[in-house]
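Asker: With chain A fixed as given, assemble chain B onto it according to the hints.
Chains as they are written, first to last, in my numbering: chain A, 1 to 565; chain B, 566 to 1130.
Calculated from the structure, these hints are not laboratory results. Glycine residues also receive a C-beta, built at the ideal position from the N, C-alpha and C atoms. Do not take every clue at face value.
Unchecked claim - Which chain B residues face chain A? A few, computed with CB under 7 angstroms, are given here:
{"#": "1", "residue": "R625"}
{"#": "2", "residue": "L626"}
{"#": "3", "residue": "E740"}
{"#": "4", "residue": "W744"}
{"#": "5", "residue": "W863"}
{"#": "6", "residue": "V1064"}
{"#": "7", "residue": "S1080"}
{"#": "8", "residue": "S1096"}
{"#": "9", "residue": "S1101"}
{"#": "10", "residue": "P1105"}
{"#": "11", "residue": "R1128"}
{"#": "12", "residue": "A1130"}
Unchecked claim - In silico PhoX-like links for lysine-lysine, alpha-carbon gap of 20 angstroms or less:
{"#": "13", "chain 1": "B", "residue 1": "K1002", "chain 2": "B", "residue 2": "K967"}
{"#": "14", "chain 1": "B", "residue 1": "K930", "chain 2": "B", "residue 2": "K1002"}
{"#": "15", "chain 1": "A", "residue 1": "K365", "chain 2": "A", "residue 2": "K276"}
{"#": "16", "chain 1": "A", "residue 1": "K437", "chain 2": "A", "residue 2": "K402"}
{"#": "17", "chain 1": "A", "residue 1": "K39", "chain 2": "B", "residue 2": "K746"}
{"#": "18", "chain 1": "B", "residue 1": "K604", "chain 2": "A", "residue 2": "K181"}
Unchecked claim - What follows is a set of in silico ranges between Cβ atoms, one per label pair, in the way DEER data are often shown:
{"#": "19", "chain 1": "B", "residue 1": "R741", "chain 2": "A", "residue 2": "D439", "range": "36 to 44 angstroms"}
{"#": "20", "chain 1": "B", "residue 1": "D950", "chain 2": "A", "residue 2": "D105", "range": "31 to 39 angstroms"}
{"#": "21", "chain 1": "A", "residue 1": "D105", "chain 2": "B", "residue 2": "E1062", "range": "18 to 26 angstroms"}
{"#": "22", "chain 1": "A", "residue 1": "A419", "chain 2": "B", "residue 2": "V659", "range": "53 to 61 angstroms"}
{"#": "23", "chain 1": "A", "residue 1": "P564", "chain 2": "B", "residue 2": "A986", "range": "33 to 41 angstroms"}
{"#": "24", "chain 1": "A", "residue 1": "P16", "chain 2": "B", "residue 2": "E1062", "range": "36 to 44 angstroms"}
{"#": "25", "chain 1": "B", "residue 1": "E1011", "chain 2": "A", "residue 2": "E93", "range": "19 to 27 angstroms"}
{"#": "26", "chain 1": "B", "residue 1": "E577", "chain 2": "A", "residue 2": "R480", "range": "51 to 59 angstroms"}
{"#": "27", "chain 1": "B", "residue 1": "A666", "chain 2": "A", "residue 2": "E93", "range": "50 to 58 angstroms"}
{"#": "28", "chain 1": "A", "residue 1": "D105", "chain 2": "B", "residue 2": "A986", "range": "23 to 31 angstroms"}
{"#": "29", "chain 1": "B", "residue 1": "G838", "chain 2": "A", "residue 2": "D105", "range": "43 to 51 angstroms"}
{"#": "30", "chain 1": "A", "residue 1": "E175", "chain 2": "B", "residue 2": "E613", "range": "43 to 51 angstroms"}
{"#": "31", "chain 1": "B", "residue 1": "L834", "chain 2": "A", "residue 2": "D69", "range": "52 to 60 angstroms"}
{"#": "32", "chain 1": "A", "residue 1": "S294", "chain 2": "B", "residue 2": "P662", "range": "28 to 36 angstroms"}
There are 2 protein chains.
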Amino acid sequence: MAPHLTAHQLAERHRPTLDRALEAIRTRAYWSPHPEHPKAYGENAAEEGRAAFEALLGRRLELDQPGTDAWTGGEVSPYGTELGVEYPHPDAEVLLPAMRAGMGDWRRAGAETRALVCLEILARISARTHEFAHAVMHTSGQAFLMAFQAGGPHAQDRGLEAVAYACAEQTRVPERAAWSKPQGRRDPLELTKTFTPVARGISLLIGCNTFPTWNGYPGLFASLATGNPVLVKPHPRAVLPLALTVAAAREVLAEAGFDPNLVALAAELPGEGLAKTLATRPEIRIIDYTGSSSFGDWLEENAVQAQVYTEKAGVNTVVVDSTGDYRGMLANLAFSLSLYSGQMCTTPQNLLIPREGITTDAGPKSYDEVVADLAAAVDKLLGDDARANALLGALVNPQVEKRVEEAGGLGETALASRAVANPEFPGATVRTPVVVKLDGARKRWEDAGDRPAFLSECFGPVAFAVAVDSTADGIELLRRTVREHGAMTVAAYTTSEEVERLVEEVCLEECAQLSLNLTGGVYVNQTAAFSDFHGSGGNPAANAALCDAAFVANRFRTVEVRRPA
Amino acid sequence: MAPHLTAHQLAERHRPTLDRALEAIRTRAYWSPHPEHPKAYGENAAEEGRAAFEALLGRRLELDQPGTDAWTGGEVSPYGTELGVEYPHPDAEVLLPAMRAGMGDWRRAGAETRALVCLEILARISARTHEFAHAVMHTSGQAFLMAFQAGGPHAQDRGLEAVAYACAEQTRVPERAAWSKPQGRRDPLELTKTFTPVARGISLLIGCNTFPTWNGYPGLFASLATGNPVLVKPHPRAVLPLALTVAAAREVLAEAGFDPNLVALAAELPGEGLAKTLATRPEIRIIDYTGSSSFGDWLEENAVQAQVYTEKAGVNTVVVDSTGDYRGMLANLAFSLSLYSGQMCTTPQNLLIPREGITTDAGPKSYDEVVADLAAAVDKLLGDDARANALLGALVNPQVEKRVEEAGGLGETALASRAVANPEFPGATVRTPVVVKLDGARKRWEDAGDRPAFLSECFGPVAFAVAVDSTADGIELLRRTVREHGAMTVAAYTTSEEVERLVEEVCLEECAQLSLNLTGGVYVNQTAAFSDFHGSGGNPAANAALCDAAFVANRFRTVEVRRPA
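Just chain A, same shape as in the assembly (with noise of 0.2 angstroms):
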């Protein structure tokens, strides 16, 4: 049967945003062909995407995969729903072999065709972004905009950031190449080489229940467009955002004349701890990871057969050292604090704040002052429900709630946290930020014997104001923080240039990303595809970067093979 997408097809509709992608990635300027409102994806769109999540509820998601031995479920909506989906369960020994069955006819296809195909899918689910914002919504908690946004526009960027990636890589290398070596008067030595990509093997995505999709299609991506074939293990908690990307994946290959098993999904039993069975077999020879450091640091340990790509957790850092827009800084910190209820891996968990405060354009405040103008400032920005509700989303399990209510007891409570009402979805819990004021003096950790708080991550909507002895203390806390425990994000306040130089003397020498004075509307839990990258790879919370070369450049090998001209 001939493909109904043909290359020529596929070359015309998405050549040009694969080039403008590349162009992207190289200047690192702003750019998305990903419209971020939901009013731009056309009149009727919301109320489709609404009637097509809700179709899907209480059935079985049907992907006609080869190798179901069993039909699994259970997701519980965040906002209190069970959304009784059901998936297939794989017989791993039946589902591996038919994903590798196809990777010939992908490898000849070439690199451009695979991005092309990529592409198509990013399309796909592009159209549908309105559905995917409620499976997202309805799996990790987020609100409404936030799931529509970095569940859809967001995560489509990242996932098309990968394929360009992808796609620079595997055509760095020409196809063929003339070789022709002087040998003084006798005939020069000839040689006629070509070079082809080929792909590692079977690549496992293991996705996380706070950002199915944003965080799942960096790998995906670069794991299908080098040519592997990707299996996906979602979060039990969120696998409908991820099923149904698998879904779109196999509809796309299949019309584009490819195998669809090429994309397959593994969603598992209760209690079944797939990923650590499927991680260490011997097809898998890629493994992307968003989730717990204990289990990123097992697979970077045990899962040696393959390349692991790891995004785990760390303590991200502000620090406070003076501003001159106090009342920017204030407001944009309120936000970051409080935005999906501080359940991002980028969201800033300690503030350190001289012990003798700091200075400012409004004056000098004292440590107390700050910390209560931060609360005022959090109190005021969610002091209405409905907005509050907007920014907060629910809290994803009741772990996170479990570490609000005992955040208290970890010191002087500066701004307790509040239960929010969500009159659409009572079944929600919405709680507000906890600020908890700590003692950051030197001695209490410069002693490894007896931790301190504020070096645990501690998950969710809980922040501590750290009082540190001095604006260099704060910054050797900093640096002690980044070395042993990681962080995706660093932010800093400071009017200073040595301060602002010693900074960044920290995070490059710890490799952490660095964000300086942000009082407007970028917040430092936020990364944009094509420009910011998202951790660094350098320190303990992730073993990777959002996006760059090294994230695609060892998912396939370059075989030679070479002739006599």
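Answerer: Okay, now just chain B, sitting in the frame of chain A:
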């Protein structure tokens, strides 16, 4: 003190070479700035080089490194003489921190200056190629001309290639970007972003006995050019070439105003196993290794705190199906088997020849005839002792000799090994290749329980003429060999397009580098920098290829700092 060598001087001297190297890795056409002919190095170079080498013997090689707690040595040339050179043994607790001290300045120098400093190091080494040739000869056992070429210009080419890749990789992201995100009617969000490549940490080079410079330079220069200090742990029997390299690097670094401790030597005490101790230290973030599969596998499994690049051992196969140039094929294979006594990781081991014989331009040839004719070709090539010595070099260690002795017991000897006297170096052990006939019937290798000799690496001048049931069976055996035991090289001779296609398909699927129908002056065991990949990194023989983007891209990370514009 102002540096003797300024960035400007370095750029004037080396920027054109760097640009040419960057072009070469992109086109993969022939190029080298390092002449292969010994006479190209000046009228007195040979004499001066020999004198410089001899002046090293029996002395301490002072490197002025911090943290030297002992002196160690004991190299004995495969040509029979004791070198008597002593090298510093490191106290890691002192040396490693000292190596880190210069990282900040090295980072601030930037990617281009780091590359140019590396090119100056290579230029100094190039000017001393005759001296290095003797050092390589008397540690590896290579014959002089091979030690000169492979240990000199070809190694320098591989080093330069790694520098070019490192430079290209670090400059793909701009140093600075302006980012402006439209906000509809509101002002755009605007940020200024800087991107800085930062090192991972100390890089450990674990050198090998047979090609200390050729296999060592890619990792050494890739790591140094990406900002990492490099600790060089040579093979205890091949210290001198890498010690001289370290000395040259330290000299250039100091002259250019950088800390010479960015490159240091770690020579080991007898039986110390220093590589194992160093490899798992937390300061070691990158490891380059060439050597046995067992230690390479150990490193991959245990040095999980580091990026580990290994070249291990494989079983190299030649599929002999048919040829249009029978004499050319025999001569080419005879040379490949003889060069450096088959002690190259790329030397063919298994010649798979159909039991029923092959078709050739000289008429059909039975299996026995092919083997006999190959034996005769080897005999003819090595019939003259002077020529034999010039091609074979010396056996690198007694284990190789033992293997040659025992090879006769594995099957019928088609060509016995002959001891060749070396009048200049009576202490050298020089042996011609042994060719052994083995039964390659499918039942012999289908049952994994009883592994035939041809499914293990037999390092040294031992070739197996394996009688397979058919070419198709040979191709299947090739697949199993590569998949299960790895291969640095694959070769095939065929006039059939279909056989060519099938062999190529196996190499693409199992990720092995293929040379087809080599009958002239290019040999399967030789690869040229800037054009050929050495190894694929995708089968058990090696996890990396020399040299591609994947070899350098993860040796550094990119730190981004963003500020409001």
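Asker: Any hints from earlier that this structure breaks? Give me their numbers in increasing order, please.
Answerer: 1, 2, 3, 5, 6, 10, 12, 15, 20, 26, 28
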